[in-house]
Amino acid sequence: MSTLIAPAPATVAPRPAGGAYRTVGLIGPPNVGKTTLFNRLTGMRQKVSNYSGVTVEHRSGKLKSGQTVVDLPGVWSLTPESEDQKIAVNVLMGKQHNVAKLDAVLLVVDGTQLHRYMTLIGQVLACGLPTLVLINMADELTARKGFIDPLAVARELGAPTALISASRGTGMDAITRFLSGEHAAAALLPVLQAGGNAAPGCATDCNNLTKTGAYRRPNHSRFTREFDRWALHPVIGPILCLLFIMAAFQIMFRAAYPAGTALSNWLSAIGATIGAHIPNAIVSAILVDGIWNGVASVLGFLPTILCMFVVITVLEDSGYMARAAVIADRTMGRVGLNGRSFLPLLSAYACAVPAIMATRAIPSKKDRLATILIAPFMTCSARLPVYALLIAAFIPARKLLGNALGLQAITMMLLYALGLLAALFTAKLLNFSMLKGQPSLFAIELPNYRLPRLRTILLAIYDRSKVFLKQVGTVILVLNLAVWFLSHMPFHNGQPSEVGASYLAHLGDLIEPLLRPLGLTRNVGISLLTAFVARESVVSTLATLYGSVNAGVALRAEIGLAGALALLVFFALAMQCTATLAVVRRETNSWKWPLVQMGYMTVLAYAASFVTYRIALAFHV
Amino acid sequence: MHLAELNRGEKAHVLGVAQGEAYCHLCSLGLNSGAEVELVRSLSGKSLLIVRVDGFDIALRGETAATVKIALERAR
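Each protein sequence line maps, in turn, to chains A and B.
The opening residue of the first sequence carries number 1 in full-length UniProt numbering; numbering runs sequentially from there.
The opening residue of the second sequence carries number 1 in full-length UniProt numbering; numbering runs sequentially from there.
Only chain A is shown next, with the shape it has when bound in the complex (with noise of 0.2 Å):
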C-alpha cells in the first residue's frame, strides 16, 4: 500500500538547507481523514468526526523528528469562502501572522472520490511548494471495487503520490521520506493557477485519470442509500431524529446519573474518613467541607457530561450529522439560519465555547453572527449538574408510559426544549431586527454511513475528561475555597463564624431583593453569583453553603417547587459564563455583541424566571 512516487519533475523546488523540511502544511478538504492522519503524526489529540467543517482552527505538532506541522481547517478550493478557508490559504501563502512560512506540503484526498478534489490539487501544486499528494481511504476504495493506480496518477498529476489509510496506519514510511527531503521534487501544473476563481478542467483531469485507467470510482454503499430513505423521509425522518436524541437522554438519565451520584456518594465518604483523622477541627473543616466535598459534588457530573459528549462523537463520526443538519435545515430556515447551523448548535449542547468557534465554517457572515448570538441559549454540559440537582430534589422520579419515560427524563428534555425555543426565538427575532438580510444558501455533502470509531470516541472522552478535570482542579477548587472562607470569616476567638452571620451571607443579602420576584434566597443567589466564573460550582457552591453534599435536600426546604421551578428557567437561558462572553468578543472582533448578548439574554431570563413563579403559584405549586 505504501507506495511514494517520484514523477518525472518539471520544475524542482530548491532543497531546504539540512535536507529535511522544517515546517509542513497538512492541507485537504473537510471529512478526508485530514485529522486523523495529524493525530498519527504528531501524537497530539484533536476531535475527529465524519462532517465538514469541524476542524475550525489551525493546529500544529511536532514530529518525532523534531519536524513541525501544521494542520490546516478543511479548504474545498483556494478560493476563500469562509474565514476558515482564509485562513487555510494564508498559511499556505505564507500570510498568516504567527504561523511560520511552510517548506512543504501533504495535501490529503479521500481516494474514494478523487474526482471531487482535482481542483484543490490542482491549485495547490501550483503553489510551487514541495508537496506530497496522500491518497486516503484506498483500502475502502478496494473494497468498494474501486482501483486506484498511484505511479499512473502521479504521472498525470506531475507529483509525488502515495496511498496511504490515516485509520490504520499504513503508508507513513512514504510521508517520513519525504518528509526528510528524499523527494523533494515540486513539480508546477501548467493548467491551474492558485487563487483563481475559474476551476478550468476540473472534471476533465479527472476524466484523463479514468481514461489512462489510472482510478476507477467505488461502488455506492448500498447501507447509506438503503438507510437514508428512511433517515431523510419527511416524515420518519424527523421521528427517526427525535427517537435518537431521546434514547441519548435516556442513557443519561437511567445510566450516567446514578453512575454519577454512586461516585460522589463514594468520594464524600472517603472524605468523611479524611476528616476523622484530622486533630484539628478548622484544618478538617477546610479540607473536607471547603474543598473534599465540592470537588466530590461536582466530579459526579463526570459521567453525565461524558456521555453527552460520546453521544456527539457518535452522531459526528458515523455521519448521521449531516442527515440531521438536513432535517434541521427546514425548521432553520424558518427562523432565518440554515442547516449549516445545526453543528455549531449541536456541540453548544457539550460548550458554548467550542460551538462558537465552529461557527467559522459557517460561509455566510449574516448566519455566523447569528449562530454565534443564539448558542448560549442551547444547553450546556455546565448547566446539566444544575438542573440534575434540581430536578433529582424536585421532580418525583415517576415512571410514564409504562417503564419507558421518567418524569424526571421528561423534565430534562423540556428544559433542552427551553432552551433550543429561546434560541429560535432569538434567531427570528435577530432576522427582522439587526441581521436582516438575504437567505443564505445551504448545501451540504451526505457522507456514507460508517461504524464511529473507538479511537475517535475514547479521544473524545480523554479530552473532555482533561478540560473538566483542570477546570474542577483550577476554578472550582478556588472558588469553593474562596466561598467557605467568605462563608466562615470573620473568626471570632479563632472560630469560625455561623454562615448566616459570615461575609457571603451579607452579599446575599445585598442582592437578595432582586431575587424575591423569583421566588430565590440569599444562598441562592450567592451560588449564581460564583456561576458567572463557572456555571458548575452552583452545586458546589450550595454543598459548601449547607455544609452537606445533599445540597437538594436542604434547598427543598428552602424554596419549594414553584422557586426551584423559576430558577431552572432563569439558569435556563440566563448567560452565565465569563468564558463565552470572552470568545464571542474574540470572534467577533468587539465588545459591541457580547454585550448586547449579556443583556438580552438576563433580561429574557429574569423575565421567563418571574413568569413562571407567578404561574407556579398560582397553580399552588
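Bear in mind the hints are in silico, worked out from the structure with no lab data behind them.
The beta-carbon is built from N, C-alpha and C at its ideal position, and this holds for glycine as well.
Honestly, I wouldn't trust all of these hints.
For the chain B half of the interface with chain A, some residues (derived, Cβ under 10 Å), not all of them [to be verified]:
1) Asn7
2) Glu10
3) Asn32
4) Ser47
5) Leu72
6) Glu73
Once you've looked at the hints, dock chain B against the given chain A.
Coordinates of chain B only, in the frame set by chain A:
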C-alpha cells in the same frame, strides 16, 4: 433548465453553475460541468433537494439548486 426543475428519478448533466455566493461551494460538492445528477428526493415541496452527483448524495436548497444549469439526459 436548472437543477431545481428536475423531477424525482430524472437524470441530467451539469452544464455549469451561475457565478455567485454559492459557486465555489457547489463546485466543491462535485457540481462541475459534465457531472451526472439525479434527483433522489425532494423535501417540503421543492425547498430541499437530495441530489445524487456522480454517484454521491448531497442535499441543497431549491433556491441554491436553481443556480445550477443542467441538460436532461435522453430517456433510454
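Hints, verified against the model:
Taken as an interface hint, asparagine 7/B does not check out: its beta carbon lies about 17 Å from the nearest beta carbon of chain A, beyond 10 Å. This hint is violated: glutamate 10/B has a C-beta 17 Å from the nearest C-beta of chain A, more than the 10 Å allowed. Evaluation of the asparagine 32/B hint against chain A yields a held restraint, the C-beta minimum of about 4 Å falling below 10 Å. Evaluation of the serine 47/B hint against chain A yields a held restraint, the C-beta minimum of about 7 Å falling below 10 Å.
The interface hint given for leucine 72/B is broken, as the beta carbon of that residue sits about 19 Å from the closest beta carbon of chain A, more than 10 Å. With a least beta-carbon distance of about 16 Å to chain A, the hint placing glutamate 73/B at the interface is violated under the 10 Å criterion.
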